[in-house]
Amino acid sequence: AQSVTQLDSQVPVFEEAPVELRCNYSSSVSVYLFWYVQYPNQGLQLLLKYLSGSTLVESINGFEAEFNKSQTSFHLRKPSVHISDTAEYFCVLGADKLIFGTGTRLQVFP
Amino acid sequence: EAGVTQFPSHSVIEKGQTVTLRCDPISGHDNLYWYRRVMGKEIKFLLHFVKESKQDESGMPNNRFLAERTGGTYSTLKVQPAELEDSGVYFCASSQAGVGNSPLHFGNGTRLTVT
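Going down the list, the sequences are from chains U and F.
When you line the first sequence up against my numbering, it's residues 1 to 110, in that order.
When you line the second sequence up against my numbering, it's residues 1 to 115, in that order.
One should not assume that every hint holds.
[Claimed, not checked] Listed below are several chain F residues computed to face chain U (Cβ distance under 7 Å; list not exhaustive): (1) Glu42; (2) Ile43; (3) Pro103; (4) Phe106; (5) Gly107; (6) Asn108.
Please keep in mind that the hints were generated in silico from the structure rather than gathered at the bench.
A quick note: this is a predicted structure, and the numbers were derived from the prediction, not measured.
Glycine included, C-beta positions come from ideal geometry on N, C-alpha and C.
Please construct the entire structure, taking both the sequences and the accompanying hints into account.
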């Protein structure tokens, strides 16, 4: 069976601090991995994706995630967060359909 | 390019009533997905259309849920009769190709409350 685990339901952090949102997955076949973000009162948006090739992928707003096959992880990181990064972040495993983690609410405080 | 549009944005109905949710995908997207997030839980897959055909409906919870995609354009998801546990946010998404080959574009969701 395929599954995604996001260990932290909420992550509070001060502005300009670094952040890591953890994600572990389980799958017996090759999969794609994604991070989706939902800003307040908006729909889900694709933040970044790993399909193949380089294990380090980046988003346009400074987030990055590294695919680690041996640890079955795909943690999301940002070296310095902004207030506008406050949102809920979903780690997603893609095979024939998307399998979502339970989400991590990132709250950035001034 | 217009995004994925869902109607209504909110719906409050009583237990036993019927509700129909609508999704308009991005024009030209053959793949249409329905997902649901029940309060406090993960977003779960309901079903997948390729054009007008149901490719995978393994996530549909029971026969009170009926999804259609007439003509391969917009889709409706009907819940009849609604139960309290059906409350949640229903998301629709569309893509040109399948997972991994093209990104999924999500709508803002329909928040369904059954009282």
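Outcome of the hint check:
{"no.": "1", "hint": "Glu42", "result": "holds (4 Å)"}
{"no.": "2", "hint": "Ile43", "result": "holds (4 Å)"}
{"no.": "3", "hint": "Pro103", "result": "holds (5 Å)"}
{"no.": "4", "hint": "Phe106", "result": "holds (4 Å)"}
{"no.": "5", "hint": "Gly107", "result": "holds (5 Å)"}
{"no.": "6", "hint": "Asn108", "result": "holds (4 Å)"}
When held up to the earlier numbered hints, the structure conflicts with none and fits them all.
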